[in-house]
Structure formats: C-alpha cells, structure tokens
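*Asks:* Chain by chain, the residues:
Number of protein chains: 2
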Amino acid sequence: MTGGGFTSRHLAVVGLGLMGGSLALALRSHAQHITGVDPDAESRRIAVERGIVDEATEDLRSGVHDADCVLICAPVRTIISLIRGRIGSYLRANTLLIDIGSTKEDICDAMGTLPIGVGAIGGHPMTGKESSGLLSSDGSIYRARPFVLCPTRRTTPATRLRARALVEALDAVPIEMNAHQHDRVVAAISHLPYLLSTALVATVAQEGQNDDSVWKLAAGGFRDMSRLAAQDLSMMGDILSTNTQAVATLLALFRMQLAMIEARLLSQDDGALVDMLRPARDARLNWSQQYDGKRTTP
Amino acid sequence: MTGGGFTSRHLAVVGLGLMGGSLALALRSHAQHITGVDPDAESRRIAVERGIVDEATEDLRSGVHDADCVLICAPVRTIISLIRGRIGSYLRANTLLIDIGSTKEDICDAMGTLPIGVGAIGGHPMTGKESSGLLSSDGSIYRARPFVLCPTRRTTPATRLRARALVEALDAVPIEMNAHQHDRVVAAISHLPYLLSTALVATVAQEGQNDDSVWKLAAGGFRDMSRLAAQDLSMMGDILSTNTQAVATLLALFRMQLAMIEARLLSQDDGALVDMLRPARDARLNWSQQYDGKRTTP
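Each protein sequence line maps, in turn, to chains A and B.
Numbered by our numbering, the letters in the first sequence go through residues 1 to 298 in order.
Numbered by our numbering, the letters in the second sequence go through residues 1 to 298 in order.
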C-alpha cells in the first residue's frame, strides 16, 4: 500500500515559512534537488544560506515548471488563489501537488479544476510549533503526527500512493479522509476550541475592566484555556472563513452541551450535576490514554 | 503591615490531603507542635510516619481544643458543615481559624456565626498539583502564588495580621478581597473555564460517536482546552454548587462574547472577524507578559 520510499528528482516548495522549511528539511535526503519559491527576498536568502533548499526564486513559473513534486505551504486563501491562478499551466504532467492548508474543502474543490494530468491531493499535517517562520524550521515536527490526505478530482491511484510515500518519508502517519469530513473534524477539535478560548479571554477581559484581580489571580487553568486565543490572527481568519458552516454547526452543538450543564447547575441538584460532568471527564481521560499517550508530545 | 513572622505554639490541620499535608510541611519550622485531624486511619498513619504532623487524631475536639491556629483543609461543603457544626465550641479564645476552600462566600457567611473570640478568616491558596492526596504533599506549592484572604464578621485586626503572617510564611502572596468579589473572580478565571472545557469534550465526544477520527486527530489545542474537564468531580460539584449565581452570570457574559464572534464569522467579513478576535489575543499576550511571566509556573 505504501508504494515504496518517496523520491523526487526535483521538489518545489512554494512558501518558505515554518511548514515549507520543515518539509524541505524533512525531505532533504529524498529529493535530488529542492527549489524554494517565495516573494520575500530575505526568506529566500536564508533558505539557501542554511541549505534548506538548493535554490530559491520569487518566480512561480520557473520555480515549479521542472518539478515532479510541488508542495504549497501557505495560508489557506493564498493556496486557493495559487491553485485557481496559473500554477496548473506551469506544471508538467504527472507532477504531484500537495498543499498543507488547515481547511480542505475549498482547497480540494480548487484542485479539482486543475488540468487533467496534474496529480493533486489535499494535505494537512497535524503539527506545529509555538514559534513560526522559516528560522524555526524543524524536519522532525511531523514525526508520529497525523498527516491527513484528502483526495480530489485530480487524485489518481498513483497520486495517492506517492502522497502516502511522501507522508511516510516524514515519519508522519497518513490518514485519508474526504475534505468535507476533515473540515468537520477540525472544526470540532481545533476551530471550536480556538473560538472558545478567544471568547473566554474576551469575557475575562470584560471582567478585568471592573476588577483587575482577575488578571492577578488567573493561573494554570486560565493559562491552558487561553493559550489558543494568542494564535496568529492572519492564519486564523483564513481558516475560520473557509470553514464557516462546519464551525457554526459545532458552535450550535457546543451551546446545547453547555446549556444542559447549566440547567443542572441551576437546578441545585449536586448529584445530577456531577452525573452530567462525568462522561466528559471519562472521555478526556480515555482520550489521553488511548490516543494522546501513544504519540510524542510535540 | 505584616505583623512579624508567623509562629504557632500548636497548629491543627483538619483534613490531611494534598493541601493539608502541604500546609503542614510549609509551616513545619513555624509551629512548635502540629496535630493532624482526619477520619481516615491510613492518612493519619502516613502523616505521622512521614513527619508531616507530630500526632494525628480522628477526634475533632481533641485535635483542635489546644490549638492557637486551625487550618481547615477539606472540600467546600465539608468546611461549611464543620464550621456550622461544633468546632466553634471546641476552640480556645483568640484561635486563628483559616480554611482553604475554593469558594468563599458561603464559608465566610458560616464563619460569621462562630462564637465571638474566634478569629476566623477565609483563605484560598491559588495553587495545586496534577496529583492529589497526602502523598503528593509539597511545602513549596504556595511559593510566589496568590493566597486570597477574605475577612468575615469574625475577623479582627489581629486575625488579619496573623493570617497575613501565615501566608507570608508560606512564601505566598497575600491578596485581601471580600468573599463576594473572590467568588466572582474565580467564576471567571476558574469555574467558567472548567465548564467550557467540559462542554467542549462533551461536544467532541458527541462527534466521536459518528466519526472516531476526532479522537485520532485531536492534538495540542484540544489537549490544552480539555485538561480541566478531567478534574476531580467531587471537588468540582462542591465548588460549582456553592457559586451558582456568579457562574451563571459569567456563563451569560461568555455567551454574549461568543455570539458576537459568531455573528462576525457568519457575516463572511474576514476583516471584521479578525478585528473582533484581536482584543482577546492582545489581552492574553498582555496577561502572559505582565502577570503570568512574573511568577514561577507551578
């Protein structure tokens, strides 16, 4: 099923940030030549100087036209406009095209409009780092992490096999699912948590206008629950606005759960309240043991 | 203002769990004699064997009658029933009585009914440990952490001074506020976050019934946001049910914040959405730098 080890005669990495740099480093020994494409001269200079890529250009056409594998490593809306732009006409037949965007349905739809002959598949490596940018690049961030692959209308059996081989070359765990399902899952485990974190901080900040002791006394629980609110906004804006429907659905489901807990709280029946809280506690403990404990904490 | 170093001729610690054990350890060199009171024989045996206390008894009267300082270290409802029970009649005049309950208004109201002559003040050390129980006791967990003191009708100026001295003996930071204010603050920074964490896990678990890939793909963001949901339920039931009004108020304020964010999301105006998210991001970053960064992470 894995299609053998991944190799590339010429790998192009479009977008030299944390993800692009990290993918280039991780695939260094699998590619004969790596070209980086980025509009920012400083990023190109650093990428070449540090040996992350062999050469770098700001010109998309010259960067990708000879490649047999192209990785698009940019924010979601940039990925979509690249795919809906001219990149399709620059690519050789049978080139493998993968992106790393955090939402997949809009991107995979766009991939479906690429010329026949391009082997395009959506990708989402479920990993990251506190620090962003090319200088934080680290080829090991994919290790033992899920890497979702979402087939498109331009995904052939060969595309699928080669993409899986690429993911395995990263020591990541390939998980195939359709783009719609992916977006619903990440709405639940990533976008909803982000919005809750942000709304929590906004609530505490509102309290803080009357009483700054909220800030003085906030500690570990608040620290955990507010960390996501500090995420980079330019990326989050793209992510949320390309997943509005799934996020709105999850918000509605969340409100139902919160309302049920609140009803028990207000009814002043301690036993019933604890009975309502217990399944979530069990589910969290079960997740820690069954899923989270099995992989390396990034 | 600090009233000099804290000393006790005879310190009684009622409740030998993580908090009771840790307080006894932290005050070891400040007390000539420490008696532990606990209904559990095993806890008493361990506390004496490890030198956490000098002696231990299950009898509340004999444990506290000679003490000049009594610390009640139990879940909130247990603290309230101890105070509303006979402990007042067992105490010597001028004994300092402090509790460590996570909500303060009900406890401080109860303290107000104690016999005149008992110097009672509510306490809440804002600290903890992942692991609970006497065996996890650690005298250093109070260091540089806020320790809230809430005056009651039985708090004299001498009570206040001695309580502050005790808090400083723990290397903790005394913060005085009234019990009502305390309960509102912890509703915002602790109880609301807990309920959000629980409702989030319940939502993800509901999704998981149809698609177990939510569990496979959940990672760092979900880990942070779900950690509180795994807290000990017996304590949380007590805490929430003694702070219902403040928690319900904060839930209502939170819903408003979340609804405002959702409205921007649904309006498909990316710029407006990001403008709505930005103040929370700034507030979180500011809290990290101005407050959280200044103390040791427990």
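Rather than coming from a laboratory, the hints here were simulated on the basis of the structure.
One thing to keep in mind: the hints can contain errors.
Said to hold, decoys possible - With a straight-line cut-off of 30 Å between C-alpha atoms, the simulated DSSO-like cross-links for lysine-lysine are:
| hint | chain 1 | residue 1 | chain 2 | residue 2 |
| --- | --- | --- | --- | --- |
| 1 | A | K216 | B | K216 |
| 2 | A | K216 | A | K129 |
| 3 | A | K216 | B | K129 |
| 4 | B | K129 | B | K216 |
| 5 | A | K129 | B | K129 |
To be verified - Which residues of chain A face chain B? A few of them, derived with a C-beta cut under 7 Å, are:
| hint | residue |
| --- | --- |
| 6 | L196 |
| 7 | F222 |
| 8 | L240 |
| 9 | L253 |
| 10 | L285 |
This structure is a prediction, so every number in the text was calculated from the model and none was measured.
Every residue gets a Cβ at the ideal spot worked out from N, C-alpha and C, and that includes glycine.
*Asks:* Now tell me if each hint is right for this structure.
*Replies:* Consistency of the hints with the structure:
For the proposed pair K216 (chain A) and K216 (chain B), the alpha carbon gap of about 37 Å is over 30 Å, so the pair is violated. A C-alpha spacing of about 28 Å is found between K216 (chain A) and K129 (chain A), which places the hinted pair at or below 30 Å, so the restraint holds. For the hint pairing K216 (chain A) with K129 (chain B), the CA-to-CA distance comes to about 19 Å; that is within 30 Å, so the pair holds. A distance of roughly 28 Å separates the Cα atoms of K129 (chain B) and K216 (chain B); the hinted pair therefore holds under the 30 Å criterion.
For a cut-off of 30 Å, the pair hint linking K129 (chain A) to K129 (chain B) stands: about 26 Å separates their Cα positions. For L196 (chain A), the interface hint holds, the least distance from its beta-carbon to any beta-carbon of chain B being 5 Å, beneath 7 Å. Satisfaction of the interface hint for F222 (chain A) is found here, the shortest Cβ-Cβ separation to chain B being roughly 5 Å, below the 7 Å cut-off. Checking L240 (chain A) against chain B by beta carbon gives a least distance of about 6 Å; that is within 7 Å, so the hint holds.
This hint holds: L253 (chain A) has a C-beta 5 Å from the nearest C-beta of chain B, less than the 7 Å allowed. Given the 7 Å rule on beta carbons, the hint for L285 (chain A) holds: about 5 Å separates it from the nearest Cβ of chain B.
Checked against the numbered hints above, the structure breaks only hint 1 and satisfies the rest.
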